[in-house]
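Undergrad: Could you build the full structure based on these sequences and the hints that come with them?
Protein chains in written order, with our numbering: chain A, 6 to 435; chain Z, -14 to 104.
Worth flagging that the hints you see were computed from the coordinates, not collected in a lab.
Label-pair ranges, simulated between beta-carbon atoms:
| no. | chain 1 | residue 1 | chain 2 | residue 2 | range |
| --- | --- | --- | --- | --- | --- |
| 1 | Z | Arg99 | A | Glu123 | 47 to 57 Å |
| 2 | A | Gly68 | Z | Ser95 | 18 to 28 Å |
| 3 | Z | Glu97 | A | Gln67 | 12 to 22 Å |
Glycine is no exception: its CB is placed at the ideal position from the N, C-alpha and C atoms.
Below, each chain spelled out in residue letters.
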Amino acid sequence: MTAPGAQPGSNFRHAGLVEHFFRHEYGKLVAVLCCRVGVQYVETVEDAAQSALMAALESWTQGGLPDNPSAWLFRVAHNNLVGELRQRAGRRRILERGIARDPASEASGVPEGVLAGEVEDDLLRMLFVCCDDAIPEESQLVLALKTLCGFSVQEIALRLFSSEAHVYKRLARARKRLRESPPQLAELGADQYGGRLPRVHQVLYLLFTEGYLSAHAELCIRRELCDEALRLTSTLTQHAVGKTPETYALMALMHLHLPRMTARQDGTGGLLLLEEQDRRRWDPQALQTGLSWLARSAQGQVFSRYHAEAGIAAEHALAPSFQETRWERVVECYTLLEQLAPSALHRLNRAVALAEWQGPRAGLRLLEGFEPPAWLAGSYLWAAVLADLHRRSGQRELAEQHREAALQLAPTPAIKRLLQRRLDGLKRQA
Amino acid sequence: MPKQNYLCIQRSQTGECEEPGQKADKPSPAQMEQMYAKFNAWREQFKDNIVNLGGRLAAGKVLTAQGATDGPFVEAKEVVGGYMILCAESLQEAAEVARQCPGVVRPGSSLEVREIQIS
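TA: Pasting the structure below:
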């Protein structure tokens, strides 16, 4: 019958299409078509891709899957786009009586079948477009999630814990920039891409950490951001411009963290402490992959923050148990990380590792006289670490004070339960 | 009991076609994937009941004794959007199959199920 309406909630996967097929195809279509007609038309391109998916939904539910679904989608999206651009160019010519450039003529020269390698190139190009210096940082991430990962504004808001209006605003800023001074993709050489690489790394890293560190209760939602980050980073490693030690370190970092992700939760979705996690549940295959990327990243002159973080993840991944962790190496990595990317959070983490290595007093000494920024002072992390360290060094009163504060600041019930288990348990021991 | 054929007619209740500018309501790629999966699951479950999946109805002509006009010129709130033919043992069964079809009966649309009598 007619196109079925939106009814999310089903986890049923239809055989014949891989998971996230629609979302990833959307990203590919937007990238390929933007690279043909220019990113200033990104909104028109997105509409064309959306309509193609809608057409697929109707046509495929009736007549079954075509032989090559990707090619089918490309043909329809491409026709939609050319039709729309022609119509517009026609209107403009009538209005201006001029010789307006016809973007449709550029798009119409595309052969029907797109080469797989070409699609990857275009995805990558689009990733560099998203990382335009002139686009505000938070808009870059939103633009990447929208155009490359195929998330809707609503879905992005859900994943970034933001409001839809806010996400839309960020997106509008990015699009305005692309409309007003579109980057000339075809003219960018490999060396010019190099200049944007650090920002590309940053966006990929941000995408991953949004998924990994977020306090969101729903694991699958967070996991999706991590998977997208990994997918795009893999694309980056397959191209000359992205074959750098930093990219490899980023790959290592992601692979070394992911296997722990499922082990971080107990059977009921509650969070588990690192020392409580069943290390047998860490996926050995992913650890191996992560370590081989780490080995590849150990070259050249640059030691980036990604190297430091991958190093920390590797130490945890390799330790047979919490007690047997090589804390001195973890501390060393945190020290390097703090130098590369000064942050109070890194200092706090170093204090925790130092406490495991040299005792709680050493950890406390590192934090002594250190004034945490408001965002950290007001976070449960700061209070929880102080509560733990004070308790372990025998200062009960201070420990109790910080414990109360930490519990009050816990952002989610899962984190509150985790803190209770950890800090109450410690209280009993004291 | 012998099976009968039933014609399902989908109507828009409010006459509200998709208004321009309502972009936010367009399903996202992930939602479309879910719709696709749901629809296929429904079709698989009721494959013995589905005679003709039918489709969307486009513009047409209305023929009268006076001639033909472009149509359909029925009341806007009753615009027929699509059709489908099912077979079932009873009207109740046909209605149930149609009701379970994802997205067919949703806010703003209605579905009429009628037995097709051949005798």
